[in-house]
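Chemist: Below, each chain spelled out in residue letters.
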Amino acid sequence: MGYELFGLPMIYYIAMVVKVLVVFVFVLLTVAYATYAERKIIGHMQVRLGPMRTGWHGLLQPIADGVKLFFKEEIVPSQADKFAFLIAPVIALVPAFIGFAVIPFGDTVEVAGYKIPLQIAAFYDTAAGKVIDLNVGVLYILALASVGVYGIVLAGWASNSKYSLLGGLRSSAQMISYELAAGLAIISIFMMSESLSLQKIVADQAGLFGWYVFKQPLAFILFFICSLAEINRTPFDLPEAETELVSGFCTEYSSMKYAMFFMAEYANMITVCAVTTTLFLGGWHGPAFLPGWCWFVAKVYFLIFVCMWIRATYPRYRYDQLMRLGWKVFLPLTLLNIVVTGFIAR
Amino acid sequence: MIMPLINGLKITLKHMFMKPVTLQYPDERPTPSPNFRGLHALNVSHNKAKCVACYLCPTVCPAKCITVEAGEDANHDKFASVYEIDMLRCIFCGYCVEACPVDAIKMTQTFELANYRREDFVFTKETLLEKK
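Here the protein sequences come in this chain order: A and B.
Using this note's numbering, you'd call the opening residue of the first sequence number 1 and step up by one each time.
Using this note's numbering, you'd call the opening residue of the second sequence number 1001 and step up by one each time.
Misleading hints may appear alongside valid ones.
From chain A, some residues computed to sit far from chain B (all C-beta separations above 10 angstroms) [to be verified]:
hint, residue
1, Y13
2, L29
3, A203
4, M256
5, G292
Selected chain B positions facing chain A (in silico; Cβ < 7 angstroms) [unchecked claim]:
hint, residue
6, N1007
7, L1009
8, T1012
9, M1018
10, P1020
11, V1021
Worth flagging that the hints you see were computed from the coordinates, not collected in a lab.
We put the CB at the ideal spot given by N, CA and C, even for glycine.
Construct the complete structure from the given sequences, taking the supplied hints into account.
Modeler: Structure follows, in structure tokens:
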């Protein structure tokens, strides 16, 4: 392992590939079983059982769904813009997954004498004796969240159907309104951590009451709600409102392309929960009897449960209510939070 | 403004721990109430149907699904030589049971009446006879 490539030891590259594979497979599996968990949890909240017949208590349901979607006929509307129609699901899916590159999901582990941080886009600098990661990690995540909406808008436009177009337009309007509030909500975090590096933000939250959720409860709630709106989860699922827009932007999609939108939706949910965990719930910090990544996964899963809980509870917002909430309630609140933090934090 | 939202969350969380009301139908079967109106049955007495072919049931039937033809048996008694109910027309109102003067027809708890052919939905006297 003494071999070096571009001034970095070989173990760095091997660790990178292993981390990417493990995280990718883990997220994919979570996406698959999030669909199952969602149906099960919402079912029980409505005093039903949810899927029961595919495998023990319906445990094979995601596999059955996947196989079904895979073998469905691919339909491309004759009046659709073929290229945009085909590329849109990819644009929706890829940003949802690559957001994980900067999220630290565990402490540094030592393999064969090398320290490897459990974060994909990071390495341990032996000379400086610390973990180097992307120093604008949060900006990267916010940027990817904005790219994701292109998939939805393109899908809506390329389908050449009025419902899809309305869904796509709603999505972009919603994104712009809530991205602003979400971005401003986490500015108070940067004011406290004085860094945009997620590694540093997590390091600052060591100790139980060091979590930013205790120091910034308002920012936490605002950011989580705005994130729900950004990823089009209920109660903000206007772009794909089934009852009014016949599934909105994915009306004309079938087969695997539809599945990709579905996966993107759930992957986005997981990303948002992971980002919220990192920024507010202390990342991988937790009592020492479990390794860091266990705490991280537990916190993310808890937040995913909260997303589903919210979905089972609230009806969809009306369009004007959504805009009023974003611009007249959340935006002033986040600005107020920044001002108050400015006075208190120092 | 915030409290109703939190109360809603509380309610859904409480419901999650309730026993689901779902009946896993083909595995678990429902028990219909005693006055459930399912498939008809012709009551039997002394090894033959009690029906005396008085034609009150086809008269009262709002769906006109009952066909009765009278016959005469060895004791010169009137009996129903043909008694058919078209289950595709029947609305399970139970008027035939109410109208019957000799308590010859009743309704059972059977509710699974699916079939493959239209002809099979016309239940004849033999199939309707009360199973002992």
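Chemist: Would you mind marking each hint as holding or not holding in the structure?
Modeler: Now the hints, each set against the structure:
no.	hint	result
1	Y13	holds (46 angstroms)
2	L29	holds (24 angstroms)
3	A203	holds (33 angstroms)
4	M256	holds (32 angstroms)
5	G292	holds (29 angstroms)
6	N1007	violated (10 angstroms)
7	L1009	holds (5 angstroms)
8	T1012	holds (5 angstroms)
9	M1018	holds (5 angstroms)
10	P1020	holds (5 angstroms)
11	V1021	holds (5 angstroms)
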